[in-house]
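Q: Make a model of the complete structure from these sequences and hints.
Heads up, the final residue of the sequence shown is numbered 507 in my numbering, and it's a clean run with no missing numbers.
Among the hints, a few may not be true.
Cβ pair distances, simulated, as ranges [claimed, not checked]:
1. Ala79 to Glu467: 48 to 54 Å
2. Arg138 to Asn383: 42 to 48 Å
3. Ser494 to Arg174: 33 to 39 Å
4. Lys389 to Glu58: 46 to 52 Å
5. Ala79 to Lys389: 15 to 21 Å
6. Asp395 to Pro114: 42 to 48 Å
7. His131 to Asn383: 27 to 33 Å
8. Ser127 to Glu424: 42 to 48 Å
9. Gln257 to Ser494: 49 to 55 Å
10. Asp72 to Glu424: 47 to 53 Å
11. Ala261 to Gly94: 31 to 37 Å
In case anyone wonders, no lab produced these hints; they're calculated from the structure.
For clarity, every value in this text was computed on a predicted model and none was experimentally measured.
For every residue, glycine included, the Cβ atom is placed at its ideal position computed from N, Cα and C.
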Amino acid sequence: MKYISTRSQSPELDFEQAATCGLAPDGGLYVPAEWPKFDHHELESLIGKSYCEVVLEVLRKFAGDSVPRDQLNQIVTDAYSSFSHPEIAPIREIRPGVYMMELFHGPTLSFKDYALQFLGRVMDWSLRKRGEHLTVVGATSGDTGSAAISAVAGRDTIDLYMLHPFQRVSKMQRRQMTTNQDSNIFNYAVNGTFDDCQAIVKTIFSDHEVQRHHALGAVNSINWGRISAQVAYYFYAALKIGALNTKVSFAVPTGNFGNVFAAWTASKMGLPMGKLLVCSNANDILTRFFESGEMTKLGVKQTVTPSMDIEVSSNFERYLFELYDRDGDRVDSLMQNLTKTGKFKIERDKLMQSREHFSAYRVNDEQTCETIAQHYSETGEIIDPHSAVALNAVNQAESGLEPPVVVVATAHPAKFPETIERTLNTEIPMPKQLQEIIDLPERYRRISSNPEDLKTLMLAS
Numbered sequence: 047m048k049y050i051s052t053r054s055q056s057p058e059l060d061f062e063q064a065a066t067c068g069l070a071p072d073g074g075l076y077v078p079a080e081w082p083k084f085d086h087h088e089l090e091s092l093i094g095k096s097y098c099e100v101v102l103e104v105l106r107k108f109a110g111d112s113v114p115r116d117q118l119n120q121i122v123t124d125a126y127s128s129f130s131h132p133e134i135a136p137i138r139e140i141r142p143g144v145y146m147m148e149l150f151h152g153p154t155l156s157f158k159d160y161a162l163q164f165l166g167r168v169m170d171w172s173l174r175k176r177g178e179h180l181t182v183v184g185a186t187s188g189d190t191g192s193a194a195i196s197a198v199a200g201r202d203t204i205d206l207y208m209l210h211p212f213q214r215v216s217k218m219q220r221r222q223m224t225t226n227q228d229s230n231i232f233n234y235a236v237n238g239t240f241d242d243c244q245a246i247v248k249t250i251f252s253d254h255e256v257q258r259h260h261a262l263g264a265v266n267s268i269n270w271g272r273i274s275a276q277v278a279y280y281f282y283a284a285l286k287i288g289a290l291n292t293k294v295s296f297a298v299p300t301g302n303f304g305n306v307f308a309a310w311t312a313s314k315m316g317l318p319m320g321k322l323l324v325c326s327n328a329n330d331i332l333t334r335f336f337e338s339g340e341m342t343k344l345g346v347k348q349t350v351t352p353s354m355d356i357e358v359s360s361n362f363e364r365y366l367f368e369l370y371d372r373d374g375d376r377v378d379s380l381m382q383n384l385t386k387t388g389k390f391k392i393e394r395d396k397l398m399q400s401r402e403h404f405s406a407y408r409v410n411d412e413q414t415c416e417t418i419a420q421h422y423s424e425t426g427e428i429i430d431p432h433s434a435v436a437l438n439a440v441n442q443a444e445s446g447l448e449p450p451v452v453v454v455a456t457a458h459p460a461k462f463p464e465t466i467e468r469t470l471n472t473e474i475p476m477p478k479q480l481q482e483i484i485d486l487p488e489r490y491r492r493i494s495s496n497p498e499d500l501k502t503l504m505l506a507s
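A: In structure tokens form, the structure reads like this:
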């Protein structure tokens, strides 16, 4: 299995290489040179399998021969061994035809664990095999940071530089990152937005002086290894509900487009799929795109769903590459327009084509909190704000949506206690993973949004 850049000007990589790098040299993102497929018999064989068994079969398609099966099996088994629920990604029906998939049973209580616990281990295996060391640079809008830290902390093959926007993540999200004391973890709070953090990361990856001092890698969803592991839970959920007999739709809260792109990838691989609901908060660049065909930067608004407080959806480039029949030059032109002018527009026929797969919704803070309260009133269950965005989108779409539909619950509500307690006027029980860090000292450094600040620190280390 080979991987190519969405801008078509970089050499092909195998899975092992794609899982340990970030951006392609031409600025693009890596995708499979050809989409692997599951035939009907293979899909049937996955029904009733455990989560780890499904993950292994999906990742075998992506890894090809670059990771031996026994090694891949060991990595997958280890990756999910610390998850707190026996099913790992449990699915339950919350009302007739509407299901919720809980992706918050990993060590840091968000869906990011499902990819990063795998990615950290496959990186470590690859680096040890080659006797190499990697410096990983990442940006987080809330959950990627703690999940990446949990996955690589204490590994002598990897140093991790993680950037988060100062005072734009929840206090609990911040503490999950900054209470780590391992010597290979470097936390930085950037005076700016998540998009400023992403811009710093992209600048660092293209800086030749930094590259001479550090072999660079990524844990953000620009890394294909992350997307590949996320694809697995869509297979697991859909087949559990009965996807061979009916098309399953998914409502995915997303800012960077990575999680919903993983769902689209599953459909590309042969999983029967209904609609993919792209669920945004007030930072609705994706919703506006699917309404108008125009992607326009409008700045970042701070919301009660900080993990989606994003101006530019970096993973959308992968979908553009497919929408334009893998025309890397066209993708490069569109992305250059976005960088230089703050916008680009696609043709009407391409917009209509995209709507065959996706429908998009925006949910403001008031609607989010109302949905949390309504779900609590009806079921006694507390959901986090991001999951509430997806549930609200299902409520908006329901009359035109064929069941079954799965709401993707991306985080544990205890990661957002201020919003939950303000909305429900009740104290939320705290999982032990969070209880353990409440009183620990924090360790991080504030820097400006100028990439030179981080560059100076990295060159000095």
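Q: Decide, hint by hint, whether the structure agrees.
A: A quick look at each hint next to the structure:
For Ala79 and Glu467, the hinted distance range of 48 to 54 Å is satisfied, since their beta carbons lie about 49 Å from each other. For the pair Arg138 and Asn383, the beta carbons lie near 44 Å from each other, so the given range of 42 to 48 Å is met. The hint said 33 to 39 Å for the Cβ distance between Ser494 and Arg174, and at roughly 36 Å that hint holds. A beta carbon spacing of about 32 Å between Lys389 and Glu58 contradicts the range 46 to 52 Å that was offered as a hint.
Between Ala79 and Lys389 the CB atoms are about 30 Å apart, so this pair departs from the stated range of 15 to 21 Å. Range check, Asp395 to Pro114: Cβ separation about 44 Å, and the 42 to 48 Å hint holds. Between His131 and Asn383, the C-beta spacing of about 44 Å breaks the proposed range 27 to 33 Å. The beta-carbon spacing between Ser127 and Glu424, approximately 35 Å, falls outside the hinted interval of 42 to 48 Å.
The hinted range of 49 to 55 Å is not satisfied by Gln257 and Ser494, whose Cβ atoms lie roughly 22 Å apart. For Asp72 paired with Glu424, a C-beta distance near 50 Å keeps the hint of 47 to 53 Å intact. For Ala261 and Gly94, the Cβ-Cβ distance of about 42 Å falls outside the hinted range of 31 to 37 Å, so the restraint is violated.
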